[in-house]
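From first to last, the protein sequence lines stand for chains L and B. Following our numbering, the numbering of the first sequence begins with 1 at its first residue and continues without gaps. Following our numbering, the numbering of the second sequence begins with 1001 at its first residue and continues without gaps.
Check each hint, because a few of them may be wrong.
Partial pick of chain L residues on the chain B-facing surface, computed with a CB cut under 7 Å [unchecked claim]: (1) Asn-158; (2) Pro-329; (3) Phe-338; (4) Phe-341.
Source of the hints: derived by calculation from the structure; they are not laboratory data. Built from N, CA and C at the ideal position, the CB exists for glycine as well.
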Amino acid sequence: MSRVEAILTQLKDVAANPAKALADYKAETGKGAVGIMPVYAPEEMIHATGFLPMGIWGAQGKTISQARTYLPPFACSIMQQVMELQCEGAYDELSAVLFSVPCDTLKCLSQKWKGTSPVIVFTHPQNRGLEAANQFLVTEYELVKAQLEKYLGVKITNVALENSIAVYNENRVAMREFVEVAAEYPQVIDAVSRHAVFKSRQFMLKEKHTELVKELIAEVKAMPVEPWDGKKVVVTGIMLEPNELLDIFNEFKIAIVADDLAQESRQIRVDVLDSEEGPLYRLAKVWQQMYGCSLATDTKKGRGKMLINKTIQTGADAIIVAMMKFCDPEEWDYPVMFREFEEKGIKNLTIEVDQEVSSFEQIKTRLQSFVEMM
Amino acid sequence: MSLTQGMKAKQLLAYYQGKADQDARDAKARGELVCWSASVAPPEFCVAMGIAMIYPETHSAGIGARKGALDMLEVADRKGYNIDCCSYGRVNMGYMECLKEAAITGVKPEVLVNSPAADVPLPDLVITCNNICNTLLKWYENVAAELDIPCIVIDVPFNHTMPVPEYAKEYIAAQFRNAIAQLEVICGRPFDYKKFQDVKNQTQRSVYHWNRIASMSQYKPSPLNGFDLFNYMALIVACRSLDYAEITFKAFADELEENLKAGLYAFKGNEKTRVQWEGIAVWPHLGHTFKSLKGLGAIMTGSAYPAMWDLSYDANDETLHSMAEAYTRTYINTCLENKANVLMGIMERGQIDGAIYHLNRSCKLMSFLNVETGEMIKAKNGKPYVSFDGDQTDPRTFAPAQFDTRVQALVEMMEADIAAVAE
Ligand code: SF4
Ligand code: SF4
């Protein structure tokens, strides 16, 4: 097995088995984990406690049964899965769950956790251009910090926090480079591998992840760049899973040359800046600088333009909108984006992401005819 | 003699509703600014600057009630709006697209010509506030983007912890000051602080009389038919910062007080049980829902939805913190516990026997906590509740038969409880 394959296999294993990642972490460090509900949270704060921050992004193919009592069928697909898993006690190992509420669904979900872990809720301000919004968020973060300290029994020092910020910034830089490398080497980093590199970062310490990603980048870059005879796309949405769906991308030689997925590149879009200000303030500033996301209010609606620019920059053939079923923030962004794509003559296709389904025949047919049309 | 002299409250309601739309059309014709506003966004700033206000949620509700929603929903559908997006928003986006087309081509599209929608002009700016949902942020982003006009945002963060903390009020008050600065630029003149004070005072007088109406349901039997709150809501939404609302609500509250004194009740002796309505009305089927309940002798004597416009604050508070608090404490913008407490308070005041929850296909925020809220309240006050499927403007989700069966079941439970107490 080449080193590239070995690293990818390792990351795929982590991505596929978060429970094991947690068990290993516990065995190794004696510390537990804190869950992070989508979409954004000051993860650095958790990292600074020595607990493992773990993303909570649903599961694939679980039949919704217990969750039906608590959520009508028109709640987004990912939260149906998360609710089902809560009911099953799947998250009860977590020492706490950090919950942001940037959409109506998450506001409600934050009030009805069915597991046993304590839930820490905070609100992102949406009038993001204002300094008052930063101040508000700093106070929210102070409260988050106090609760983390209480539930985890660890003091979060500024030294630890600065160290975690540096670790996270380094990871984001590495991941942004990885995105470019994956675009250049689709033969080596296919859609499934690309996703695994992103997904695994939710279940491992970022410094370890960075180390592997950097090594991966170096190994891949040592190879010659081969011409790509398939298509190139930019994908946007909340997430693009499972592997069976990504396998279709591979089958039809559709390379993902950039993404704007909430689970992937939106997480690494903005770094914590250096400045004279304290760490909590700088963490809060990240939200102000966030852009191109359906959950970060933008009265100028820059997302469509951002995607169009990405498409041009990367030489992509099309944009694929991965629409999370029943996700209204994304559905509200769509018509404006769609109009902009059409006006610029950019090919685009929407596919539905439904975590409950396990058959992808329909998407396969649609992707196939889309590729033929490109 | 004024035109409205001698009018009954019901006539005043129709008159002022029409007048508010006419004001906007006149303003547009004079080349003055028109603003589209979210229903619980603070109108005080725009009104102080003499801007005419239009309320898309009320407008969409009107279209729904007049059975005109489907046409507009279809226009929105063609533009790419998923059926999952709130139907108020979809109806409005459809309507906006029609107006935009008319403005560009000079020809009114057919659906608009045939629409029963009240004729309102395109906005020159919009103001939105997420104190009832974040959908309103997304929706108004789109209106602003599609028309390329300014969007004033008043962000009231979800109150996961109650009471509303000081730092949240500070943030909201800062946004009020920012909105003032934005308006000065949009209008090209300084903010009128004197008029602002008058408008705040006016708003408080409107709210006072609105609350007077709602409080009439405390009497048993009730002189107020709670469904009237849904009808009169149009003015607390659209005209609370004008005397239109005050005049109408005062007249209605006075009428109700007189009726009470004279022993004239809403159900004329047929009030058997009293219910709470949780959520928005089903506008396209308002008549059905009302008659179905009335047929069973069940009167609605409380709903937190119209009560959201109980926007009482200290109009003289120059820090604007009091006003900030009024606009953020909306029960659906708070934690579950507070939400349940608010609803329970309404049940107590309205001497209510049971609750009906509207599981609204459009409204995630007013649906996803229904089970928890219902159970929490039932555990505390023992009152039964039922839920039905509906939508406030898309007529296709509501099934009359399901509604009837559910309220029938509720009435049976309430009557059994009442009989048990009587024994
Ligand atoms: S509605 Fe969308 S943004 Fe909100 S929780 Fe669901 S997937 Fe996430
Ligand atoms: S119906 Fe619900 S989602 Fe729609 S605007 Fe009203 S509160 Fe928001």
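Using 7 Å as the Cβ threshold, decide whether L:Phe-338 counts as touching chain B. Hint holds; L:Phe-338 Cβ to chain B Cβ min 5 Å, cut 7 Å.
Given L:Asn-158 as an interface hint, is the shortest Cβ-Cβ distance to chain B below 7 Å? Hint violated; L:Asn-158 Cβ to chain B Cβ min 21 Å, cut 7 Å.
Restraint outcome when L:Phe-341 is required to lie within 7 Å of chain B by C-beta distance: 10 Å, violated
How about L:Pro-329: closest beta carbon in chain B under 7 Å, or not? 6 Å, holds
Against the hints set out earlier in the document, violations occur for numbers 1 and 4.
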